[in-house]
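Asker: Sequence:
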Amino acid sequence: IATREPYPGDMATAAEIAALTDSYWRAARHLNDQVATKGKPLTRMPVYLCGIQSIELYLVAFLRHSGRSNGEVRGFHHDFAASLDLACTVGLKIDARTAKHLASMTDCREYVVSRYAPEAARKLSPITRLFRSIENISLATHVALSA
Numbered sequence: 001i002a003t004r005e006p007y008p009g010d011m012a013t014a015a016e017i018a019a020l021t022d023s024y025w026r027a028a029r030h031l032n033d034q035v036a037t038k039g040k041p042l043t044r045m046p047v048y049l050c051g052i053q054s055i056e057l058y059l060v061a062f063l064r065h066s067g068r069s070n071g072e073v074r075g076f077h078h079d080f081a082a083s084l085d086l087a088c089t090v091g092l093k094i095d096a097r098t099a100k101h102l103a104s105m106t107d108c109r110e111y112v113v114s115r116y117a118p119e120a121a122r123k124l125s126p127i128t129r130l131f132r133s134i135e136n137i138s139l140a141t142h143v144a145l146s147a
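Once you know that position 130 of the sequence shown is 130 in my numbering, the rest is easy, because the numbers rise by one and skip nothing.
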């Protein structure tokens, strides 16, 4: 009987996930500064993809830190509102505007749009709102991990 390899990421610690997440966040800022062009929404799609990935991974890092299993966290399937709801229930401190923004991102399927829908690029959140949300989640996650 063959044994199944662990699911990718199952062995990662919350701190390792947060470090990976910081890299996605730095990549989003770099892409925004170096690749994105005002008035050309398609040039911002990679910024959104990296930024949205960082949001998801900060939530994963926090939930893993709070004792949730990788399987449970994977079960959210990019539903930021649901994962944020659980994270807040177990102690993540996020401002109301960020929570509202993540719910909107889930409703508008921004993760999928940023990956596959160039025709919908103009429907993504304003980049300043995305970056404020990432900053808020990043800070809250790092505070929780260092406590």
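Heads up, some of the hints might be wrong.
[Claimed, not checked] Calculated cross-link-like contacts (lysine to aspartate or glutamate; reagent style EDC-like; alpha-carbon spacing at most 20 Å):
id, residue 1, residue 2
1, K40, E16
2, K123, D79
3, K100, D85
By construction, these hints were calculated from the structure, which means they are not laboratory data.
Asker: Each hint needs a verdict: does it hold in this structure or not?
Answerer: Verification of the supplied hints:
Straight-line distance between C-alpha atoms of K40 and E16 comes to about 35 Å, which puts the hinted pair past the 20 Å bound. Between K123 and D79 the CA atoms are separated by roughly 18 Å; this keeps the pair inside 20 Å, and the hint holds. Proximity of K100 to D85 is assessed by CA-CA distance (about 11 Å); at most 20 Å being required, the pair is judged to hold.
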